[in-house]
Amino acid sequence: MADLAPEHVRHLAASLSLPLTDDDVAEVTHRLNAFLDALAALDMLPLQSVEPWPTRPEAGA
Amino acid sequence: MSSADDDLAFAGAARQAALVREKRLSPVELVRAYLERIERFDGQLRAFITVCGKSALEEAARAETAAHEGNWLGPLHGIPFAVKDQLDTAGVLTTSGSALLRANIPSGDSTVVARLKAAGAILLGKLNLTEFALGGTIRFPYGQPRNPWNPEHDPGGSSSGAGIAAAAALCSATLGEDTGGSVRSPASYCGAVGLRPTWGRVSRHGCFPAAWSMDQVGPLTRTVEDAALLLGIIAGWDSKDSLASREPVPDYRAALVGNARGLRIGVIIELVDGADTHTEVRSAVIQASRGLAALGAAVEDVSLPLIPHAGAVFMALCDSEAAGYHKRWLAERPEEYDAGTRRRLVTAGLISGFSIHQAARGRALIREQALDALRRFDLLLAPTSPHPAPPIATHTAPVTSKEEAAKRFFARRSYTTPASLAGVPAISVPCGFTAAGLPIGLQLIARPMGEPTVLRAAHAWEQEAALSRKRPPVG
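As given, the protein sequences belong to chains A and B, one line each in that order.
Just so we're aligned, residue 1 is where the first sequence starts under our numbering, counting upward by one.
Just so we're aligned, residue 1001 is where the second sequence starts under our numbering, counting upward by one.
One or more hints might be untrue.
[To be verified] Only some residues are given here: those of chain A computed to face chain B with a beta carbon under 8 Å:
no., residue
1, 30
2, 33
3, 44
4, 55
Treat the hints as calculated values from the structure; they're not laboratory data.
It should be emphasised that the depicted structure is a prediction, and the values quoted were computed from it without experimental measurement.
A virtual CB, placed ideally from N, CA and C, is assigned to each residue, including glycine.
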């Protein structure tokens, strides 16, 4: 997957009304690209049949 | 202050409570001793945001009178405690480490604070933390917390002040909150004991949320016995937390039998032998696993191959929950956030719903892998952190690439977040020191509601290693 560039991130943030200063944009871009890589790696796992419980029912309530 | 006063300060809550009960220790003298230590050391360490000196002395005087009259208030009669400033305290400033809450004074106590007070304990103050318990704060609005073993180094977070105060004996015992390692990390970096209970074991009522699906309040103390003592008081069902467990609360101190006989312990090879694991950390943790084997445990390696994904999965879930919670303030008051917090929350707001859902499924898969291992083993063993406390400056340097972001934000968290994702109890207990004199933490993880097992093994190791007797240079 191609990395997002700072201008893409600026556009995304503006469209979601998220505050993104000139000082923040570089780090947010690096963080977001790191997330995209790390979460894309999950696609290789057998996730389709997994129910996304936040906890095992009997362990919490 | 005399060395006897220092010895008393380092004695810990269980020993002090016994002395108060025997009328050999005055609660007023104990509170005064800690206030003097805070005066001496906290200008440098910055563990506290608020010190409740006047009210603590008044409470101590009442506790002393009650003791003279034979009126026993509870197992922590006259014992001073402090809590992470994420926990509500009636009439006392509660900032969550943020400038946004600089004037927030709750009208009521969080359930855990109310339970400690009901057990006779005295609120000494509120402890520093990374902003909103999220980690990665660049400029702390209430002062830069520092590690008592080397003030140029990070004390860990997000319960930074709780780790410092426990290790440097600035109060008898503390409470932190652990979402992805926020009790265990400062325990590891500061050489204290930090317990993350089973999710739902302790009420979250009155705790400012970091991520509702993983937040859990836990003790940060000088000894395992103190952790067991505090957990026994704060655990249990609470009508104010709809996800609090109704499981009965056992006598956790009764589990501290002094050996590890019969326990099956799996050493997580991905964390012990991981590329990110510092050589001295690996060596200390392997040594501790051998120590537990000598104490009667059956120790062998176990592989949890999904663990390297845990840090990113955790952060996607935790940060998206937090970003949702902070959406309005982010839009209206963005400049009042620390830059590190703001960047973290804005990033989370940009992650797609598809990715968050994949992360939620990833959590379930990681949890099942951990629980499957815990069907074969009573405990899993790993380093709490891949490295000892880093210099503070490493947190404030700009992030210059996605690779660096992944290493800085995901890799370290893969050590503590598996227990958070699985909702199981985990403890960090000191297991050695680096050549430079920085503490190293051993992590033990148990099945849901397996706190007695994790406390038993940690106590056995603590008694064997005797590391809690060491005192930091500052404190």
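Consistency of the hints with the structure:
For residue 30/A, the shortest C-beta to C-beta distance to chain B is roughly 4 Å, which falls under 8 Å, so the interface hint holds. At its closest, the beta carbon of residue 33/A sits 4 Å from a beta carbon of chain B; the interface hint therefore holds under the 8 Å criterion. A distance limit of 8 Å between C-beta atoms decides the matter here; for residue 44/A the minimum to chain B is near 10 Å, and the interface restraint is violated. Taking 8 Å as the C-beta contact cut-off toward chain B, the hint placing residue 55/A at the interface holds, the least distance being around 4 Å.
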